[in-house]
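Construct all of the structure, not just a fragment, from the sequences and the given hints.
In order, the protein sequence lines correspond to chains A and B.
Its first residue numbered 1, the first sequence is counted upward by one per residue in the working numbering.
Its first residue numbered 1, the second sequence is counted upward by one per residue in the working numbering.
These are computed hints drawn from the structure, not numbers from a lab.
Among the clues, some could well be false.
To be verified - Here are the computed distance ranges between Cβ atoms for each label pair:
no.	chain 1	residue 1	chain 2	residue 2	range
1	A	S238	B	L37	57 to 65 Å
2	B	A68	A	Y214	23 to 31 Å
3	A	S334	B	D72	19 to 27 Å
4	A	M332	B	T191	56 to 64 Å
5	A	L330	B	C151	42 to 50 Å
6	B	E213	A	N130	33 to 41 Å
7	A	S112	B	N71	31 to 39 Å
8	B	L37	A	H329	41 to 49 Å
9	A	K312	B	N28	47 to 55 Å
Backbone N, C-alpha and C fix where the C-beta goes; we use that ideal spot for every residue, glycine too.
Number of protein chains: 2
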Amino acid sequence: MNLKELSEHLGLSQTTVSRALNGYPEVNETTRKRVELAAAEGNYRPNLRAMSLATGRAMAIGHVIPVASKNDVVNPVFAEFVAGASQTYNLYGYELMLTIAESKDEESIYKSLAAKRAVDGVIVHSPMRNDPRLALLNDIGLPFVVHGRVCDSKTDYNWIDMNNRRAFKQATQLLIDLGHEKIALINGQETLSFAWLRRLGYLDALTENNIPEYADLLASSELTETYGYETATNMLASENTPSAFLVSSYIVAIGVRRAISQAGLAIGKDISVIIHDDELSYFHNGGAFPQFTSTRSSVREAGILAAEMLLKQIDDPNLYPQNVLLESHLIMGSSTGPYRKSA
Amino acid sequence: MNLKELSEHLGLSQTTVSRALNGYPEVNETTRKRVELAAAEGNYRPNLRAMSLATGRAMAIGHVIPVASKNDVVNPVFAEFVAGASQTYNLYGYELMLTIAESKDEESIYKSLAAKRAVDGVIVHSPMRNDPRLALLNDIGLPFVVHGRVCDSKTDYNWIDMNNRRAFKQATQLLIDLGHEKIALINGQETLSFAWLRRLGYLDALTENNIPEYADLLASSELTETYGYETATNMLASENTPSAFLVSSYIVAIGVRRAISQAGLAIGKDISVIIHDDELSYFHNGGAFPQFTSTRSSVREAGILAAEMLLKQIDDPNLYPQNVLLESHLIMGSSTGPYRKSA
DNA sequence: ACCAATATTCAAAGCGCCTTGAATGCGGAA
DNA sequence: TTCCGCATTCAAGGCGCTTTGAATATTGGT
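Listed below in structure tokens is the structure:
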């Protein structure tokens, strides 16, 4: 059933039917009711392609998820984020167009998306400290919102981020207050903003407390279980053994826990661990007594908000860039405890 | 740059330019070269909306990921699967339209997708043993491929699945060969086909070996870490203690491992564990000596193949439904060992 | 040089919708 | 009754592409 058929069926012009369904005021309320009824009965939905050709709006948002190479890790956070964004799109009648692409292809994908008029805007995932995508997107004039921040940007742009720096400073401070001094940071790739900011927060706390920084207690890599396991194993076997770990994700922390347990140590007693918890739905770290002490912030919530921000921007292109900084909560769990010499 | 501008710039008709770019034979090769060059220079891409309006093909595939409720678990497998499918779509110029939706809304989403002509086909995720979506999709005439199978279907349909039954039978047999008799199955929700088939495989092996089946060694739920932990903890504390666990996913196994370690037992010695390994990229279970003995099958690969199957089906609507059954590999790791009475 | 056959190119219609500008119907004021 | 203004409705053009059927250019044979 298309507009023509529907309007013929009703004995009305396409104009009137279209206006009736799109809420224009110059339609008799009686007529509108009739039209709406008939549309519902005939399960009529405007052809998306025709509609966007006519209006110039694609009614779709692009999400381009970068991976380093073809068989590389897909950041598990993205599924949660997208789940949030999808909620928003459903609400406003937008579609979500997903592309998982190698970083090297990203530029051409954005260009193509724009040239094809496939999307009205995009969400930028995994921003780097100095991310070339900002300039690119400004250049091609595609509205966008960054999930995270670009540290070295001269211009303003839309972003929504968690306060990584503050979160990790706070977590480090807690460990220091518990008497720890040798605190290892098992971080994500520090070319990425989120990891860099976490590192800064960690260093902030050390500096403020006059605690020396040990290069061999800093690790930075992709967030996998294996990375957590191997790094923690090595650190525990080294001379400069840490008494606490600050870990950038739940998944990495699983590897760390494996290493600790394998070394015959007890988490929360011999060794303290604080993680950042994105609240991935299949890793529930909750209850009255969570396993991990954590800085917690819902990625799904960020997805919802980012999508809303983008839709607003698309709606009003003159809107000044918006920024949202979400705060995390430091949640006490059973993975932290006072420093013990014996460790 | 649109077709009109490009053709004016070239001094050719839109017809010729369009045909030149779409590889029609009735275009002079010299002209074609000229057109292609100009198109590349002007970064011309046909407007997707206009193109699909003219051709009647949306050039997009829908993926509808069901979740039980708004804040429910998003199956982590889906990200890997989608990463595979996306590779295929990139290759063929298709877009991937993702919707994450509560199960109760799924029907209306499929209908809407079809009525809006937003997609040319869909991938059905997480099929149930008796899944109403088959009839629905046949009804609205939307091509589809199921990732997994619907156990109770009279009609043929496209699917690609891993041989769950055989995999779990084989894994169970291995445990039996190692002397285990009290083998717990920590399974997914058995309304879902994959979990049901795994259960059948497990029972097949028990039956063949005349080993009794204990209801309290069977668990079925959503695949979260917490589920694994709590279930294993309870089973280990019960009268009818299992000496081996068969676990439906890596994530659940992490919880199981936590429970085992907390009970002071050693995996691969006191207790054996076999998992199913979907090869999630951030949980590498490889190397010469993987931590977990596992039935392994790449979900990403399945995504690639499913997408190819769907595109073929769309290309030729008269194609008889296709089926692909992927076999898993039983990979020996360090989480299994012979039965010990002491456990 | 002429014509049929073939190779190229083109003008125009149509995909299904929205939207501009014009047309119609109606009631109340004059 | 006549006219004007407002409330409704409509016809037609356009979004950018593909594709049909017609037109033009080119080629080889005679």
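Hints and how they fare:
1. S238/A to L37/B: 57 to 65 Å: 60 Å, holds
2. A68/B to Y214/A: 23 to 31 Å: Since the Cβ atoms of A68/B and Y214/A sit about 46 Å apart, the hinted range of 23 to 31 Å is violated.
3. S334/A to D72/B: 19 to 27 Å: Holds, since S334/A and D72/B (Cβ atoms, about 26 Å apart) stay within the stated range.
4. M332/A to T191/B: 56 to 64 Å: 37 Å, violated
5. L330/A to C151/B: 42 to 50 Å: 47 Å, holds
6. E213/B to N130/A: 33 to 41 Å: With Cβ atoms ~60 Å apart, the hint is violated.
7. S112/A to N71/B: 31 to 39 Å: 34 Å, holds
8. L37/B to H329/A: 41 to 49 Å: Hint violated: Cβ distance 58 Å, outside 41 to 49 Å.
9. K312/A to N28/B: 47 to 55 Å: Hint holds: Cβ distance 50 Å, inside 47 to 55 Å.
Of the numbered hints given earlier, the model fails hints 2, 4, 6 and 8; all others are met.
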